[in-house]
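Position chain V relative to chain Y; hints supplied.
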Amino acid sequence: MSEVQTPAPFKTSRTPDAAPRPTKVLTRDVKVVYGQKQALHGVSIDIPEKSVTAFIGPSGCGKSTFLRCINRMNDTIVGARVDGTIELDGVSIWEPSLDVVELRARVGMVFQKPNPFPKSIFENVAYGPRIHGLARSKADLEEIVITSLQKASLYNEVKDRLDEPGTGLSGGQQQRLCIARAIAVSPEVILMDEPCSALDPIATAKVEELIDELRANYTIVIVTHSMQQAARVSQRTAFFHLGHLIEEGPTDHIFTNPLEQRTQDYITGRFG
Amino acid sequence: MEHTVSAYDDDLKAIARRVTEAGGLAERAVASSISALTRLDIGLAQQVIADDKLLDNLQRDIEEKTILIIARRQPMAVDLREIVAAMRIANDVERIGDLGKNIAKRVVAINDVFPNKQLLTGLEHMAEIALQQLKAVLDAYAAHDDHAAYAVRQRDDEIDALYTSLFRELLTYMMEDPRNITFCIHLLFCAKNIERIGDHATNIAETVHYMVTGLTYGDERPKADRSIVAADEAGS
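For the protein sequence lines, the chains are Y and V, in the order given.
Under the numbering used here, residues 453 to 724 are what the first sequence spells out, in order.
Under the numbering used here, residues 10 to 245 are what the second sequence spells out, in order.
To be clear, the hints were calculated from the coordinates, so they are not data collected in a lab.
Each pair of labels, with its calculated beta carbon distance range:
hint, chain 1, residue 1, chain 2, residue 2, range
1, V, L224, Y, P510, 24 to 30 Å
2, V, A151, Y, V530, 57 to 63 Å
3, V, M10, Y, K502, 35 to 41 Å
4, V, A80, Y, Q602, 31 to 37 Å
5, Y, E661, V, R37, 49 to 55 Å
6, V, S15, Y, D541, 44 to 50 Å
7, V, G227, Y, P474, 25 to 31 Å
8, V, Q83, Y, H584, 37 to 43 Å
9, Y, P472, V, L224, 20 to 26 Å
None of these values were measured; they are calculated from a predicted model.
Using N, Cα and C, we set each Cβ at its ideal position, and we do this for glycine too.
With the rest of the complex left out, here is chain Y (with noise of 0.2 Å):
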């Protein structure tokens, strides 16, 4: 064909990025080291408010123990430690002032395994309000429990039980019992470490579900292995490799067009 020119850089568009949250997590620089070994290399990320952020990498490149970080679980690792900035709502998580249960009770959590109590149904929810001193009344507590689950979509699976015991439960409605106890407390952040590992496809559909519906009220951050997942449920996915944050953005831009050649590795299944 005849020669044209070609002008370069020409224009093209990309869907701009949804107008930013505020930012509920800040994390500058956060490293982690396990005895000998550094397994995160300096964080930064910004996780806004009131939506999902999925954390998404190989295993062992550091996304668990960065989500960790944030609730100080890393605390209870004999031989860990933990280096950066972490503020939640701009105080930092190690802020004298701010006691460490305390914490924990604003920044819940929620695990790969459904870990109910063996206790019942009730006490597994009622447990947190009560010992975070949540209930005036025993009335009180009982509509913290009912409301909780209720939030968790499993109330009316469980309302004529709620004296059994939890583990008596399927998988997909003990991992749910467990958001329940986690809401309980009426955290403002959660943080979900593959909370659908050990579920079937229904159990997970119905968690996501949930999580797309609480959302509107928690910050919620979650680890999966499953990249649909992570395009499914979340709005920003961060992916992670070798203990450092390759690159973070819209859920969107990071399914279809990545920045990072090693981000569309990972998720296009090309890692060797």
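Showing chain V alone in chain Y's frame:
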């Protein structure tokens, strides 16, 4: 880099190969229909009409394969864009084949009309450029060449301009002598088909740009089809 699951690479390559193959069939349909027109070769025209079935089948096959790969592998990022591109390009290419077939059908209809060879020259020139555009954009697709695709997109106004001038010319002939009308109308439809082939080539160029970069062109693309204005001018 290759996928961890090597069958995925095979699937993607197979789809890209089929799209290229479909592109080749469309090129041939257009080229044959134009030579059938200039030589008034009814046999060749009928061949083009019959061969269109192959392209239709190939397009359906590509569509099925892309849907299957989406269901099976949940493609992401560059893979997802490649699959969407394959599906879109297969559609454009199938339409190009149809437009070639339409020209071939006109050749069969023109058969008993007195042809004016001189008028065919402009049309041939237009078809030549459309074919160059088609070839260039299919090469750009195969090579993932964003710049080559951009060049195709920028050149479409040339076809549009030729179409406008051919339109004026045919209009003049028709006004001169009503006996020219039948033939000129046939040619006008052929010209319109060629102009639309150019548009589909531009679509493919835009798809290639998206496939390679993940971005879409923000600006309006060049437009030089002024036949609507030309009709007004001629009428007044």
